[in-house]
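Visitor: Protein chains in written order, with my numbering: chain A, 7 to 272; chain B, 27 to 371; chain C, 4 to 289.
Hints were generated in silico from the structure; no laboratory data involved.
Every residue gets a Cβ at the ideal spot worked out from N, C-alpha and C, and that includes glycine.
Be aware that a few hints might be false.
[Claimed, not checked] Simulated DEER-style distance windows between Cβ atoms: (1) B/63 <-> A/76: 46 to 56 Å; (2) C/102 <-> B/188: 34 to 44 Å; (3) A/133 <-> C/68: 31 to 41 Å; (4) A/25 <-> C/68: 25 to 35 Å; (5) B/188 <-> A/102: 29 to 39 Å; (6) C/102 <-> B/137: 46 to 56 Å; (7) C/104 <-> B/352: 57 to 67 Å; (8) A/76 <-> C/250: 25 to 35 Å.
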Amino acid sequence: MTRTNGPLALAFHAVFIAFILAPLVVVILVAFTPESYLSIPTTKWSLRWFEAIWASDFIPAFWISVYVACGAATIALVVSVPAAIATARFDFPGRQALGAYFLSPLMVPHVVLGVALLRFMAEVGLTANMAALIMGHVIIVLPFTLRLALAALTGMNRHCEWAAWSLGASQWAVFRRVTLPMIIPGLAGGWLLAFIQSFDELTMTVFVASPGTTTLPVRMFQYITDNIDPMVASISTALIVLALVLMAVMERVYGLERLLAGKGEA
Amino acid sequence: MAFLELHGLVQRYGPVVAVDGVDLAVDRGEFLSLLGPSGCGKSTTLMAIAGFVEPTAGRIVLGGRDMAQVKPNRRNIGIVFQSFALFPHMTVAENVGFGLEMRSIAKAERTQRIAETLALVRLTELAGRYPKQLSGGQQQRVALARALVIRPDLLLLDEPMSSLDAKLREEMRVEIRDIQRKVQITTIMVTHDQAEALLMADRVAVMDQGRIARIGKPYEVYENPGSAFVSDFLGRTNLLPATVVGRSAGRLRVKIGAVEIDAVGEAPDGAAMVSLRPERLSFAAQGLPGTIESALFMGGQWFYRVATGIGQLSVIRPNEGGAHVAEGGAVHVAWPVDAARVVQG
Amino acid sequence: MAGKRVLLPYGLSLPAAAVLTVFMTAPLVMVLLLSFNSFTMATGIQPGFKLANYIEVLGDSYFHTIFGRTFLLALWVTGISILIGAPEAYVIHRMRPPWRSIFLLVILGPLLVSVIVRTLGWAVLLGRGGMVNTVLVKLGVLERPMEFMYSFTGMTVALVHVLVPFMVLSVWTSLRRLDPAVEAAGLSLGASQWTVLRRIVLPQAVPGILAGSLIVFTLAASAFATPAIVGGRRLKVAAMAAYDEFLNSQNWPLGAAIVVVLLVAMVAIVMIYNRLVERRFKQVFQ
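Isolated chain A, as found in the complex (with noise of 0.2 Å):
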């Protein structure tokens, strides 16, 4: 069997994977530095921009991330769960053209979302609110959570719940009972990737945040945007690991390839 890749190929891997992992590298390099400018510490290692970071206002924008983050994940799988069971149970007028507008947001750039959130907020007069914030949030997530939803629904087995029917359960107590354990899984799944989808979220965030609203991405962003100094290297070395940790737990529960097609910002 000929599956085994050629020197030639292999040397093409090694430079993509260098290039993948180069950036991310070089910023968890950089976090350890002792010198208070951009350099790759050498002979000296220290935690100091590590430090730094607690006494930044980098902290209360990780929470509110965390928060806005939290509370779009749990609205739009709430919302989630009725329409995946709408559209996966049932046959009716619409059930094609519902699907396709639930996951709609998908076509959307993020850049037109912010905007669009941007007009929503003034016109009725929530600038700088937290709740529609999070509103807003929930539309970037919505189509994760129905996806893995849907996934869960479609992957069970509907003979448990037609077996519960016919034991005496009614619609409701076979939803509570079967499907809803039995879809737990997938659902966990879709809120964490939704979970991850709003706390990365930068685009469409940086043109409502305002001081009560600046999460953490945009904090950054801003931070940057004016200089960059090895304290936005150590959150994002943070960052990176808080990444690694989502990534194993992922990986072991769900796989990540499955999960990741079609994620995206720039």
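Let chain A serve as the given structure and place chains B and C on it in line with the hints.
Guide: Chains B and C in isolation, oriented as in the chain A frame:
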């Protein structure tokens, strides 16, 4: 009045007619098997009885009660699915107890009935296990226990054996049959496996293209299939195009090719089919002359293909340990008169 | 099963549909209406229905440059992503099980890291004192450090890095459907490695390349963070221009017109592309 009656059941999905007018009557305690190739409408009929699909036309009457307005959870029917459909997040005992819980049966009685039913299917020690920790046969017994514990009026089995391996399947056939006898529950089993249907059921209904082609006791249906489809579907047979040319004393005179033979059955003069079961054919000193084209050894029996004047015939003879007829040998094929049966094409 | 169950699916869909309508569709309509308003520094936003903003966006050479740059950037990023992403997907496809999933994780993992972090890495690497310059000067490719930051090249490289995982994922997914036995069969029939690649593997990869290109192109064309950080003010792209109109110049109607043009252009490109691809590669997708 029978315990379960189907009157003119029709099930359409858009332009597709899955069930095309089924009438059926099943007595209390009876074990009926719906048999047929895939797509013949047998599973759809079962799902309509359970209430999962709404019939396009026709009535379903269970215990004298019309089921049209009765939802599946009010029908008191137990079902075993092909996939078993066990609840993966519940233990064996919780799976079995689910139906009792939905019926708000008190804890003490529930526990007792779960224990009784698990004993019936010989799973008492596995009560605390989860489905994925069980073998296929054990999972099936849980599914059966879960369906039986609610003391249903009717037990429906949807291809219950098809996800088991061959050996286990044979064991479970006998076991399910014994349990059905023991609890005397009216049972309808859907299967595409004719051996399973013949072995387990009191009566067999062979379905074809949404209709019941033949219904009766297994032996009767096998011996007197009535149509070419049923005779071919049930067991093996030699189906030969023939012409009915005369009749006398309850027998028909039929012509196959250039050969005229006697046959039983009923048919008007003209074109018909003759079914000759291979196991009823034998080699004798006199009979239809032929040449052995191939002789295949199958363990318990020999399978011959013989070229004759009426076409190629399959012949099955028991392996009696002695010499078999070699390929190329000249033989005479003989059969009792009632083995040649005229069926409708 | 009849009666109220007919309405049930609509009831179940209602919360999600309502959220989308209130927070996406209605705001988009507001933006559309806004784009017909007019604006002056003195009076602010004036209601009305004028095409002035569109005439400016579509007629002014300033905006021509911006949209042209955006389009060119997206094309370059897509092209390079195909050139490096598709072969990488094939290399991954041919790896043995443990390595395959390890390297898929390495390539897809960065998608879980904020785009800000990934772009920051490029800002560090591409700066005048950054590693890229150091290496290129040491290798003798460059005589003295070059400014990659705030350059079109830098923007392209950083965006390729951000988006190429989608190309790898997309191509790898369609290659996965390729039965390895087919490749082996091709070789055993006397085809050379190159012929197998061209006649068997490439046709199988084409649907993945086409789907991946669409994802990469649309994301590149609407990219904000990476061009903003690496490209800076001088090399504005469409998303940046909208940001400036809204948050710096305060000319919301003009900004609205920019994003409407961007959205319409993207939807048109996606639709035309799908139409062409469907006609051309109907048999491949079946």
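Visitor: Can the suggested window of 46 to 56 Å be confirmed for the beta-carbon pair residue 63 of chain B and residue 76 of chain A?
Guide: holds, 54 Å
Visitor: Take a look at whether the Cβ-Cβ distance between residue 25 of chain A and residue 68 of chain C falls inside 25 to 35 Å.
Guide: holds, 30 Å
Visitor: Regarding residue 102 of chain C and residue 188 of chain B, is the given constraint of 34 to 44 Å on their beta-carbon distance met?
Guide: holds, 39 Å
Visitor: The hint says 46 to 56 Å between residue 102 of chain C and residue 137 of chain B; measuring C-beta to C-beta, is that right?
Guide: Holds, at about 53 Å.
Visitor: Is the hinted range of 29 to 39 Å satisfied by the C-beta distance from residue 188 of chain B to residue 102 of chain A?
Guide: holds, 34 Å
Visitor: Note whether the CB distance of residue 133 of chain A and residue 68 of chain C lies within 31 to 41 Å or breaks it.
Guide: The hint (31 to 41 Å, Cβ to Cβ) holds, given that residue 133 of chain A and residue 68 of chain C are roughly 32 Å apart.
Visitor: Cβ-Cβ distance between residue 76 of chain A and residue 250 of chain C: within 25 to 35 Å?
Guide: holds, 27 Å
Visitor: Against the range 57 to 67 Å, how does the distance between the Cβ atoms of residue 104 of chain C and residue 352 of chain B compare: consistent or not?
Guide: Holds: the Cβ-Cβ distance is about 59 Å, inside 57 to 67 Å.
Checked against the numbered hints given earlier, this structure breaks none of them.
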